[in-house]
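Novice: Taking the hints as your guide, dock the two standalone chains into a single complex.
Residue strings, one per chain:
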Amino acid sequence: MTATAATEIISTKINPNVVPHLHIWEWQIPLYLFLGGMAGGLLVITSIMIVLKRKFGIGPKDAGEGCPCLAIRIGSALSPILLAVGMIFLFLDLAHPLYVWAFYTTVQPTSPMSAGSWILVAFFPLAVLQAMLVNKRQLRTFDVGIVHKVLDWTEGHMTIVALVNAHIGVGIGIYTGILLSFFSARPLWSSSILGMLFLVSGISAAAALMLLLAPEEEKPIYSMIDANAIWIELVTVGLFVLGGLTGSANSSGAMMHLIGGNAVMAGIPYAYWFWGLFVGAGLLVPLLLEFLEAAGVHIKYPNVAPIMVLTGGMLLRFLIVFAGQSYHTFM
Amino acid sequence: MVIDTRVCVGCSACVYACKSENAVPEGYCRDWVVQETKGNFPKLTMENRSERCQHCENAPCVTYCPTRASHYAEDGTVQINRSLCTGCKACLAACPYDARYIHPDGFADKCSLCHHRIEQGLKTACVSVCPTGSLHLVDFNDPDEEAQKLMAGRIVYRQKEHAGTGPSLFWISASNKPGA
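Chains as they are written, first to last, in my numbering: chain A, 1 to 331; chain B, 332 to 511.
Hints listed in this document are in silico derivations from the structure and should not be mistaken for laboratory results.
Hints are supplied without guarantee of correctness; some may be wrong.
With a straight-line Cα cutoff of 30 Å, these simulated DSS-like cross-link-like pairs (lysine-lysine) come out [what the hints assert, rightly or not]: (1) B:K374 to A:K55; (2) A:K13 to B:K454; (3) B:K374 to B:K350; (4) B:K491 to A:K13; (5) A:K219 to A:K13; (6) A:K149 to A:K61; (7) B:K369 to B:K491; (8) A:K300 to B:K369; (9) A:K13 to B:K508; (10) B:K369 to A:K13; (11) B:K508 to B:K374.
For reference, chain B alone in the conformation it holds in the complex (with noise of 0.2 Å):
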């Protein structure tokens, strides 16, 4: 996923298609929204961001799961196997970005990245209904032309990159915005 934080108007509508399409139970979510300001009055700067799980290549999650339930699925997606689960809550204490929460039910949880939703071709929950055009599913293991241009040239970062969890979602800096 591409992340373009300069149109971002923290609308939160990211967050409120994630718990209908997810049925993600109240008081839960799956994906938020950050607003984060910099700088000292009167020069401040501010990015809102959509966050949800990184998906992360090395997932410390998968590492640490005990019994299989967090895994890789075919398309590189970090995934849970709620009939594995123990809800041990190792996957929460190992996650760096703390995006994940034990399900009322009794399994841990948190964004799939709408499988369910990308086995269909349709897009997940949330970039289809971003109001701004702020949220791209990009396919990494195949990049299209369109998210390398959207990338190209700009200042583009990842989260807690230096942790090694290899996170595959990239964030288009509000830094970018003219004026920033």
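Next up, chain A with everything else stripped away, as it sits in the complex (with noise of 0.2 Å):
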């Protein structure tokens, strides 16, 4: 056997940082993308079960005066709440934060972040008015005059606002995936596929908290949502997962080194947070349980299977923001 010629590289840069691998966002960025994909999910679900009505047994029950049920107006409420904490955290991520006014001074048609940080504020008013709307018999109660004002304008809107807040969800769900997976420049990220994994990973984050905090005879619905967008975001990572191994050494190095390399997040390697924590127990596990809820089995804790759903939901955010920065360069 003839030996192949080896390569040794020695370098002086010593950016802190970038060498030895690029370690240029911490905690912050994946909660952000956590918080964002949830509210993007919460738009989406709270928007579609407005507009349904009660059309399909799915959508919410009145609470009287045109209110749908409480699990609608806390998830409605929520989901600008979760985005403007997230904001929070992307916010103490810059490393100058008082310049942040400098995205809103220019529309930049290639940037994803400049498009995300416009999506951001277009968001919230439809968001924030929403959340007003379903909780407007509880707003009107507080008597401030540009509240009425508000809602008077437009509760007779309100299918058209969900209906353009659903949009809006997904764009936001896509957008915190969007916003990593146009770096060509980092293997495993340089999957347009990220978008979709994170929109549906948000969604089922979303149905876990609704199932959460729905009173006992809203929650089966949710419990139905949030196992279907499971059995999707599977799919998808399946795809996420056999797209990089098939793709060129920098994709399915980089594949390699979330599925199955030796390198370590917080002492683990990512293969056991990936395939135990994140597919076993974030996904496979709460799907097993939301299953047999559903085909009538007893489960003594019910909120086990939507917070193994949550932690999953957020530990694929971290997995993929670190394991990302500490795989190579494009080669």
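Specialist: Below, the structure is given as structure tokens:
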């Protein structure tokens, strides 16, 4: 056997957070991506429920005076709140946060981050309006002039607001993935299915959160939505992994770094995190639990499945953000 | 820039000249020296080279920058407007050459090809200090005869050309050396 020629490279480059591998984004970014995805998911679910009304038997019940049931009211309010919290983390990540205004003096069509900063602003007016409309009965009791006015103007158009919001929610969910997937220099992120993966994961996390918060009689709807979202997410994860493995040396190497290598996150190999905690404990086990519950089996702790889904969704963001940085650049 | 690795001895003078000229903070560098050894003993070849921002024609950092802070200057070099940089770090992730860093004062920083010196008709700090004449500043908008002559008939490469970035740094490979 002939020995293959070895290459040894010594470099004097010393820049912190760049050498030995990229380490620019820490916990703030994955947490933001998780909260943003969940906010998008909440907006999608609540909007679709509002649009569907009671058609197909899954829309919200009317809790009187045109207000939907409790879960929809909580979910609609949580969506902008979670996104606002996420944006605080995003802001904290900036090396020069006082210059944050610079995002809003220009539109850079080739920069997903520029598009994203505008989507975030576009999100709030309608998401907050929807939260107000579904909670109008409670809001009117505060008797604030401007709130009355806004509600008077818009309360006849809740369906249209919700219809537009369903699309904005999808946009936010996809954008959290696109933010990473446009970096062709980072092989793990450079996958166009990442947008879909983060969208379905966001919808599934949102359904899990609704499942936790909904009153007992409304829970089955969200359990069903979550189970369906997990199914789709499993397929999307499969496609993401296969797409990486069957790709170029850059893509397959980066995918192996995530699903089979020796590299570690918090002392535990990525592979254990990915297969054991994300795919196993974050998708398969909760899917089984929700399936059993739907089939009529009594689950002693019904909150376990949604908590596992939420933990898994957050873990996915941490895994992708960290593994994508710790693998070498495009070669 | 054309970098003749045949004569580079890896002395790092370019690195120190840059540090002092551009007040690069301690523990950071805008340019660096790479020593690449190939083959199996005793058949080894070595290439020393000075590396920095490639001032790409299709620079992913500029494409990705959300605030126009990273931009193309009139001469085609890639520059950073510090008063627009939020330190979002997208450009660091976008650069396939890992040429950037975040300055402790909170903005993305990298080789400016000594913009301030070139404006005055001077050469860059690294070029002016290189003791072996390995570094050559070439205006690729109007390449002169000397640069053409330097590269003609030799193995010349650019780094990660297949990334589609159109890098503006050319290396004359050390494999042009006799006996390599």
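Novice: Hints first: check each against the structure and report whether it holds.
Specialist: Okay, the hints, checked on the actual structure:
1. B:K374 to A:K55: With a Cα-Cα distance of about 77 Å, the restraint between K374 of chain B and K55 of chain A is violated, given a limit of 30 Å.
2. A:K13 to B:K454: Roughly 23 Å between the alpha carbons, so the hint for K13 of chain A and K454 of chain B holds.
3. B:K374 to B:K350: 36 Å, violated
4. B:K491 to A:K13: 18 Å, holds
5. A:K219 to A:K13: Judged against 30 Å, a Cα distance of about 56 Å means the pair is violated.
6. A:K149 to A:K61: Status holds; Cα separation ~26 Å.
7. B:K369 to B:K491: 18 Å, holds
8. A:K300 to B:K369: 63 Å, violated
9. A:K13 to B:K508: 26 Å, holds
10. B:K369 to A:K13: Distance of about 20 Å is within 30 Å: holds.
11. B:K508 to B:K374: Holds, at roughly 14 Å.
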